[in-house]
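J.: Following the hints, put chain B in place on chain A, whose structure we already have.
2 protein chains.
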Amino acid sequence: MRAARYYARHDIRIEDIAEPVLLPGTVMVQVAWCGICGTDLHEYLDGPIFVPAHGHPQPISHEDAPVTLGHEFSGTITAVGDGVTALHVGENVVIEPYIIGPGVDTGPGHEYQLSPDMNFIGLGGRGGGLSEKVVVEQRWVHPIGDIPLDAAALIEPLAVGHHAWVRSGAVAGDTAVVGGAGPIGLLLAAVLKAQGITVIVSEVSEARKAIAVRTGVADHVLDPTLVDVGAEVRKLTEGRGADVGFECSSVDAVLDMLLETVKPAGVVVNVSIWGHRPAVDMQKLVLKEIDLRGTIAYANDHPATIKLVQDGKVRLEPFITGRIDLGDLIRDGFDALIEHKDTEVKILVHP
Amino acid sequence: MRAARYYARHDIRIEDIAEPVLLPGTVMVQVAWCGICGTDLHEYLDGPIFVPAHGHPQPISHEDAPVTLGHEFSGTITAVGDGVTALHVGENVVIEPYIIGPGVDTGPGHEYQLSPDMNFIGLGGRGGGLSEKVVVEQRWVHPIGDIPLDAAALIEPLAVGHHAWVRSGAVAGDTAVVGGAGPIGLLLAAVLKAQGITVIVSEVSEARKAIAVRTGVADHVLDPTLVDVGAEVRKLTEGRGADVGFECSSVDAVLDMLLETVKPAGVVVNVSIWGHRPAVDMQKLVLKEIDLRGTIAYANDHPATIKLVQDGKVRLEPFITGRIDLGDLIRDGFDALIEHKDTEVKILVHP
Numbered sequence: 004m005r006a007a008r009y010y011a012r013h014d015i016r017i018e019d020i021a022e023p024v025l026l027p028g029t030v031m032v033q034v035a036w037c038g039i040c041g042t043d044l045h046e047y048l049d050g051p052i053f054v055p056a057h058g059h060p061q062p063i064s065h066e067d068a069p070v071t072l073g074h075e076f077s078g079t080i081t082a083v084g085d086g087v088t089a090l091h092v093g094e095n096v097v098i099e100p101y102i103i104g105p106g107v108d109t110g111p112g113h114e115y116q117l118s119p120d121m122n123f124i125g126l127g128g129r130g131g132g133l134s135e136k137v138v139v140e141q142r143w144v145h146p147i148g149d150i151p152l153d154a155a156a157l158i159e160p161l162a163v164g165h166h167a168w169v170r171s172g173a174v175a176g177d178t179a180v181v182g183g184a185g186p187i188g189l190l191l192a193a194v195l196k197a198q199g200i201t202v203i204v205s206e207v208s209e210a211r212k213a214i215a216v217r218t219g220v221a222d223h224v225l226d227p228t229l230v231d232v233g234a235e236v237r238k239l240t241e242g243r244g245a246d247v248g249f250e251c252s253s254v255d256a257v258l259d260m261l262l263e264t265v266k267p268a269g270v271v272v273n274v275s276i277w278g279h280r281p282a283v284d285m286q287k288l289v290l291k292e293i294d295l296r297g298t299i300a301y302a303n304d305h306p307a308t309i310k311l312v313q314d315g316k317v318r319l320e321p322f323i324t325g326r327i328d329l330g331d332l333i334r335d336g337f338d339a340l341i342e343h344k345d346t347e348v349k350i351l352v353h354p
Numbered sequence: 004m005r006a007a008r009y010y011a012r013h014d015i016r017i018e019d020i021a022e023p024v025l026l027p028g029t030v031m032v033q034v035a036w037c038g039i040c041g042t043d044l045h046e047y048l049d050g051p052i053f054v055p056a057h058g059h060p061q062p063i064s065h066e067d068a069p070v071t072l073g074h075e076f077s078g079t080i081t082a083v084g085d086g087v088t089a090l091h092v093g094e095n096v097v098i099e100p101y102i103i104g105p106g107v108d109t110g111p112g113h114e115y116q117l118s119p120d121m122n123f124i125g126l127g128g129r130g131g132g133l134s135e136k137v138v139v140e141q142r143w144v145h146p147i148g149d150i151p152l153d154a155a156a157l158i159e160p161l162a163v164g165h166h167a168w169v170r171s172g173a174v175a176g177d178t179a180v181v182g183g184a185g186p187i188g189l190l191l192a193a194v195l196k197a198q199g200i201t202v203i204v205s206e207v208s209e210a211r212k213a214i215a216v217r218t219g220v221a222d223h224v225l226d227p228t229l230v231d232v233g234a235e236v237r238k239l240t241e242g243r244g245a246d247v248g249f250e251c252s253s254v255d256a257v258l259d260m261l262l263e264t265v266k267p268a269g270v271v272v273n274v275s276i277w278g279h280r281p282a283v284d285m286q287k288l289v290l291k292e293i294d295l296r297g298t299i300a301y302a303n304d305h306p307a308t309i310k311l312v313q314d315g316k317v318r319l320e321p322f323i324t325g326r327i328d329l330g331d332l333i334r335d336g337f338d339a340l341i342e343h344k345d346t347e348v349k350i351l352v353h354p
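Heads up: the protein sequence lines correspond to chains A and B, in order.
Note that the working numbering has the first sequence beginning at 4, numbered continuously upward.
Note that the working numbering has the second sequence beginning at 4, numbered continuously upward.
Chain A extracted, bound-state conformation (with noise of 0.2 Å):
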């Protein structure tokens, strides 16, 4: 079968690869298809990250690069394995796409995204969305019913946002901010907005600042180049200050923004993953006593996530910018994100 194979930074290869094999306890997907994550293009620029280098094997799915691409997709399932009794062969799924350790409970309240070594399915081993056929183990197998098969290849990222949601505390009626409008700044505004929540959305790019008001995600849209986006938001909060903000764009003055404009005892939580070490204003932190929290992917988020999907509540189809075919992979893929990245949001490849 097809399938994008990641070996090393600049170097993605399209090969045949053997089909996996179902085991006991496990489903064969069929993907549909497979979204390409910021994630997949900090690897495929500056990786590998979370990609096992060659020679270095995951210490869970013992296995090193090359290994399979894509973390965000949907399908359908073609075969089920020994003992598996809730899933069942032509029903359509997403993937919680994780590698967790032995041992570890990933029943719900656990923190199995904080596990030792936890990795994903599709970075990391164990296959991936970027490739025809996948095997994955039932515990991470969530059924969509009829949510389309392209939308739902979003799911993931929306999770990311749930999660995200769910760090911060913030209940209907309370105000955020969002400090940037790529692709999770987007999809978090959006299960925000499913919420209850009054969205603001702090951006730059006239591309994306477009974006944000046409997925109706956000209540406001406020370019700090143009307004102080502090006084901005306290106007809009009766002197208050916003209950909440996520950093989505590991900018420094973004996260400073965000402590300023933050009420006294109100949570700033990190989205985004840093590629440096941003000056922190900490008196700010101290003398409004802000809770700076972080976030990473999702633990038990999915099943909530999918239920804003199929209620209406969150519309997916507005983010999708492009669908291409993995033998376009990298062309109108990679490089197109690269190129337009405050234009394009998500392209889906069908494997």
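Hints are supplied without guarantee of correctness; some may be wrong.
Repeated chains share a single entry, so a pair holds when one copy, or any two copies, can fit it.
Unchecked claim - Below 30 Å or equal to it, Euclidean Cα-Cα: the simulated DSSO-like pairs (lysine-lysine) are:
(1) K291 to K344
(2) K287 to K196
(3) K238 to K316
(4) K212 to K310
(5) K238 to K287
(6) K136 to K212
(7) K212 to K316
(8) K136 to K196
(9) K344 to K287
(10) K291 to K310
(11) K291 to K266
(12) K266 to K287
(13) K344 to K136
(14) K196 to K291
(15) K316 to K287
(16) K344 to K266
(17) K287 to K136
The set of hints was computed from the structure by calculation and includes no laboratory data.
It should be emphasised that the depicted structure is a prediction, and the values quoted were computed from it without experimental measurement.
T.: Okay, now just chain B, sitting in the frame of chain A:
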């Protein structure tokens, strides 16, 4: 009466000033002892910071420099104003030294420490403990029963430690790492010990390490120049990592050590005041979903803090390293603390 008056950086004068006037709702306190705080040293060396500079009156007190210094003090009530029924002449008290705007709710559960233009008696006006007498609104006066007046002068910084503990959410049986054994780190450690929390102090100064041992506030004292604190703490916690960390040094490497040392989903409370913006390893915060929390001063912490001392759960005497007369404030107080900053903990001044 005699008072230490802050005029400007490096300009503190012992002067004769008029006694304060008793007003309705206030009490007159004859000061017994007043501690010198790190904040006072900052004002002396680098200020004015909290002190309103001459010509720039504080928005609530409407006072500007010169102002009387001293916010860590105990004393005896010598007169009560009209409308004061719960406080009595002859009662020994400590002051929660707040300057809070009118209309701010200072009742239980209210975060009045975060109210606009908050400042402190002894920094932002309204007299101070480095004078013979001070008149204080009854809301900020806390009876101390039979706690000796010298030890009681340390209740204000102990309340800072109490509030930092409250912000951390740590409970009995938890393990805490305190980064930096200056006066606040030591008093915080004393609060933590009193709550049944295992306390690991990280400190580089030989003198301060010795104080942490001598005062009995640390279960373990680790020197980050001699050992890998993160590895040692994991050994002490069966590989888990610390439940909470407290930054009490305003040193980048200490903050980083705490982010490294707390467990996944752990909490780091920033207690220190920073003169610069540290470079923060956000990736640690993200991948471990750490909560980094600011804490400032106290809010409704004084009653519980006083009770810790009354019940004998915290002994304050070991932290008193000097007793001086107000006339010797600069030489034997400020200059001594600057020159012997590692061996002195708390110098008390008798006005």
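J.: Hint by hint, say whether it matches the structure.
T.: A quick look at each hint next to the structure:
{"no.": "1", "hint": "K291 to K344", "result": "between (35 Å within a copy, 29 Å between copies)"}
{"no.": "2", "hint": "K287 to K196", "result": "both (27 Å within a copy, 29 Å between copies)"}
{"no.": "3", "hint": "K238 to K316", "result": "within (28 Å within a copy, 47 Å between copies)"}
{"no.": "4", "hint": "K212 to K310", "result": "within (27 Å within a copy, 55 Å between copies)"}
{"no.": "5", "hint": "K238 to K287", "result": "within (20 Å within a copy, 34 Å between copies)"}
{"no.": "6", "hint": "K136 to K212", "result": "neither (37 Å within a copy, 60 Å between copies)"}
{"no.": "7", "hint": "K212 to K316", "result": "within (22 Å within a copy, 57 Å between copies)"}
{"no.": "8", "hint": "K136 to K196", "result": "neither (35 Å within a copy, 56 Å between copies)"}
{"no.": "9", "hint": "K344 to K287", "result": "between (32 Å within a copy, 27 Å between copies)"}
{"no.": "10", "hint": "K291 to K310", "result": "between (36 Å within a copy, 27 Å between copies)"}
{"no.": "11", "hint": "K291 to K266", "result": "both (7 Å within a copy, 25 Å between copies)"}
{"no.": "12", "hint": "K266 to K287", "result": "both (11 Å within a copy, 25 Å between copies)"}
{"no.": "13", "hint": "K344 to K136", "result": "within (29 Å within a copy, 66 Å between copies)"}
{"no.": "14", "hint": "K196 to K291", "result": "both (26 Å within a copy, 27 Å between copies)"}
{"no.": "15", "hint": "K316 to K287", "result": "neither (35 Å within a copy, 33 Å between copies)"}
{"no.": "16", "hint": "K344 to K266", "result": "neither (32 Å within a copy, 36 Å between copies)"}
{"no.": "17", "hint": "K287 to K136", "result": "neither (50 Å within a copy, 34 Å between copies)"}
Against the hints set out earlier in the document, violations occur for numbers 6, 8, 15, 16, 17.
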